[in-house]
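Engineer: Chains S and F, in that order, are what the protein sequence lines are.
Under the numbering used here, the first residue of the first sequence is numbered 1, with each subsequent residue one higher.
Under the numbering used here, the first residue of the second sequence is numbered 1, with each subsequent residue one higher.
Hints were generated in silico from the structure; no laboratory data involved.
Treat each hint with caution, since some may be false.
Intra- or inter-copy, both count: the list cannot distinguish identical chains.
[Stated by the list, open to error] In silico BS3-like pairs for lysine-lysine, Cα to Cα no more than 27 angstroms straight-line:
| # | residue 1 | residue 2 |
| --- | --- | --- |
| 1 | K165 | K224 |
| 2 | K146 | K156 |
| 3 | K46 | K20 |
| 4 | K57 | K224 |
So the chains spell out like this:
Number of protein chains: 2
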Amino acid sequence: MQKRLEELFERLNDLYYTRKFSHLKTLLLEAEPADIAYFLEELEEKDKLLFFRLLPKEVASNVFVELDVDAQENLIKNFSDSELCDILNNMFLDDAVDIIEEMPSNVVKRILKSTTLENRNLINELLEYPEDSAGTIMTPEFVALKQHLTVEEAFKYIRRNGINKETIYTCYVTDAKRKLIGVVTIKDLLLANPSDLIETVMDTNLLFARTLDDRESVVNLFSKYDCLALPVIDKEGCIVGIITVDDAVDVIQEEATEDIHKMAAVTPTDKPYLKQGLLTIFLSRFPWLVLLMLSATFTSLIIGVYEEKLYLITPTLFACIPMIMGTGGNAGSQSAVTITRAIALDEVKFKDVFRVLLKEITVGIILGLGVSILCFLKLMFIDSLYNEVTPLIAFTISLALFATIVLAKIVGAALPLLAKKIKLDPAVMASPFITTIVDAVSLILYCALSLAIL
Amino acid sequence: MQKRLEELFERLNDLYYTRKFSHLKTLLLEAEPADIAYFLEELEEKDKLLFFRLLPKEVASNVFVELDVDAQENLIKNFSDSELCDILNNMFLDDAVDIIEEMPSNVVKRILKSTTLENRNLINELLEYPEDSAGTIMTPEFVALKQHLTVEEAFKYIRRNGINKETIYTCYVTDAKRKLIGVVTIKDLLLANPSDLIETVMDTNLLFARTLDDRESVVNLFSKYDCLALPVIDKEGCIVGIITVDDAVDVIQEEATEDIHKMAAVTPTDKPYLKQGLLTIFLSRFPWLVLLMLSATFTSLIIGVYEEKLYLITPTLFACIPMIMGTGGNAGSQSAVTITRAIALDEVKFKDVFRVLLKEITVGIILGLGVSILCFLKLMFIDSLYNEVTPLIAFTISLALFATIVLAKIVGAALPLLAKKIKLDPAVMASPFITTIVDAVSLILYCALSLAIL
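Start from the sequences, fold in the hints, and give me the full structure.
Structural biologist: Below, the structure written as structure tokens:
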């Protein structure tokens with residue numbers, strides 16, 4: 001695939017710079033919009049508008065949707081009013097809304113002025129749905145059929161009205177009040193008799209989302225039920241839009257990326273890494289690093305308190321602090337990350353909290369036993385080569401390690417579930433925060449145990 | 001949606017235990033296979049086979065595919081040969097292959113014996129593709145059209161042959177040697193004239209995967225190009241199967257879960273969390289914890305070497321070790337995880353290594369400056385309340401912190417890219433390993449700097 005792209009770019013470059021514009025247009029008609037967008041983004045600033053204007057009308061909007069925000073904003077600023085109008089009217093409304101959400105307010109005003117009154121109203125409705133709700137990823141452009149049509153009439157209707165719908169493969173059957181009463185796929189229609197009524201062909205067992213549902217749990221329905229599109233209904237049960245699988249795929253990728261970033265203490269950003277400016281990267285990381293650095297004040301405070309006493313017992317106790325804290329942190333994040341991902345995939349819910357805790361405590365005890373026995377042996381046979389280690393010291397350290405692991409598993413399993421319950425983000429809880437908590441608690445435990453036993 | 005599921009389960013339970021089997025069958029015809037499977041898994045062992053046998057033929061295979069491996073294996077063991085045969089013949093071949101891959105060899109033999117000769121050959125071909133290749137997620141059941149058909153003839157063909165294909169919405173145009181020459185969607189066909197030839201309607205700009213391509217980069221094409229299906233071709237350019245978007249969605253979810261687990265030092269498993277046995281969980285975590293615990297031997301060795309000297313300078317130096325190591329680890333995993341995710345999404349390739357390094361070093365320097373200045377202030381005004389802190393001590397610690405952050409960013413950015421280059425898994429490099437390396441290096445740096453300056 002990579003080679004295909006390089007060849008395409010070479011041909012585009014060639015035709016563009018030798019000004020063979022009619023050949024270029026033929027090629028642009030065939031190429032994938034996503035590839036053209038990528039090519040355009042790499043052009044020099046002054047060429048972008050020129051090149052964009054060469055795009056055949058049929059593909060211009062599709063390419064525009066695929067561009068990155070900066071390129072979109074620049075183009076819009078240089079478009080004439082009629083150009084902007086053309087591009088917007090050939091675009092699916094959910095794409096228009098996605099673009100509007102990223103633009104500064106003066107550009108938004110221009111965009112809204114350039115659309116038809118009907119579209120403007122629809123866009124404004126879409127813009128009002130809360131962030132990350134199903135309403136923000138749906139499109140109001142779907143095929144709605146009436147139940148009393150015959151299959152033949154339905155095909156006629158689809159041929160006439162389907163061309164500018166996001167999908168025609170799933171059609172939605174509605175009553176006079178736009179209430180959703182069934183779905184019918186093109187496959188059903190093709191396999192039915194032309195004279196059959198829609199109401200006899202349609203499937204009344206409905207899967208749907210509500211406008212205010214969380215988009216993450218909505219896209220999980222796509223992987224669970226293998227659907228190509230999902231209707232979205234409002235409080236009255238009326239269908240107001242559909243979510244298509246291509247948008248669901250994008251959301252699935254985005255949500256996974258967001259969770260991964262949050263677990264690594266990075267504020268998620270929309271842009272691909274290579275397009276992120278230095279400032280964006282800095283801002284997405286700085287607050288977290290500072291927060292975690294400051295929270296380490298606790299650990300240095302704790303060490304400060306116990307330092308002299310520990311040192312008087314044996315310096316070996318110091319040397320093992322990073323091992324205890326590190327293993328505790330790892331044990332905690334193993335649980336936290338596993339549970340957080342399970343929550344994201346709707347595999348685990350808050351009502352499972354006791355089942356999860358029981359499991360994690362049991363695993364924690366077995367893991368703790370295994371790891372701390374190995375640790376005891378390591379202390380006696382390896383660490384003793386360069387540090388002072390008596391069996392009692394090794395036992396104390398291993399015991400502290402055991403307690404740390406069990407504790408870390410409990411904290412790691414409980415916090416993401418609690419976060420979900422009180423509507424905080426489990427992913428933020430998952431990694432750095434848990435490490436910080438486990439660090440502090442395990443350190444106190446370690447110091448206290450050491451003083452008590454030795 | 002949750003409520004819908006609870007109601008369904010209540011009705012199923014009711015009808016099953018009051019033995020109203022004809023009502024039950026009607027309900028089972030309407031319900032989603034995934035939901036029925038979930039219900040069946042929660043039944044008692046003795047009821048599972050009985051309940052499964054109540055499923056109408058049309059849905060039995062679909063439900064079977066959605067069951068977890070243990071339930072599948074148990075059912076197969078209790079099936080009669082003819083039952084097994086029926087279920088397999090109504091199943092898509094890619095699903096059959098997925099099931100076979102999880103079964104013990106005696107069950108596999110029985111399955112292969114129960115399929116038709118043609119299917120057995122196809123299944124054996126599919127089983128031979130290497131793990132994680134595009135060949136393993138494709139199905140050979142697609143609609144192939146000849147270029148000289150008219151649209152009307154094509155519709156007839158689809159009506160006759162489409163019912164047991166995984167998708168009919170994208171059809172593939174092949175020449176006499178099964179070479180792929182174009183694609184045509186049902187939407188194209190519906191909007192064309194019945195007398196048009198397929199070759200005039202089809203799109204010859206082909207997106208495709210090869211059988212041996214890595215499945216992760218193949219599914220990325222779905223999100224990039226918004227496709228519903230992707231043809232898979234062999235070395236000769238012949239189409240051997242297609243990948244449908246529902247399977248792509250599953251792979252996207254699985255790959256993200258795998259990466260997330262690896263980053264948290266957990267060996268990925270196929271099963272959802274609540275279905276994992278204690279042994280599975282233990283084995284997926286234990287080796288990593290032990291490895292990381294043992295690798296902490298380095299840090300305790302380093303501390304052992306420098307301990308006395310540092311303590312003689314000032315105990316404060318000890319108290320700050322967790323802060324230095326923790327911040328370094330966090331800084332490193334911020335970079336590592338961001339780059340690893342970008343690699344997984346094909347946003348960053350090895351050829352970008354210098355661009356990435358330059359970016360990370362620059363960000364590292366700015367972040368390092370910001371964080372270490374704040375750290376200096378914290379040391380002077382907060383830590384000084386309970387530890388001995390002179391300006392020179394604070395300066396030394398902050399300087400070490402700065403160097404640690406820059407270094408962590410370099411290691412964190414370079415290792416995943418290197419891993420990708422030498423075909424190791426970047427995700428395994430991403431988190432725990434980098435923390436371990438950064439821990440050791442930053443500790444040496446810290447101790448050496450302290451001794452040199454103080």
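Engineer: Take the hints in turn and mark each one as holding or not.
Structural biologist: Hints and how they fare:
1. K165 x K224: both (25 angstroms within a copy, 20 angstroms between copies)
2. K146 x K156: both (13 angstroms within a copy, 26 angstroms between copies)
3. K46 x K20: Classified as within; 18 angstroms inside a copy, 73 angstroms across copies.
4. K57 x K224: between (38 angstroms within a copy, 21 angstroms between copies)
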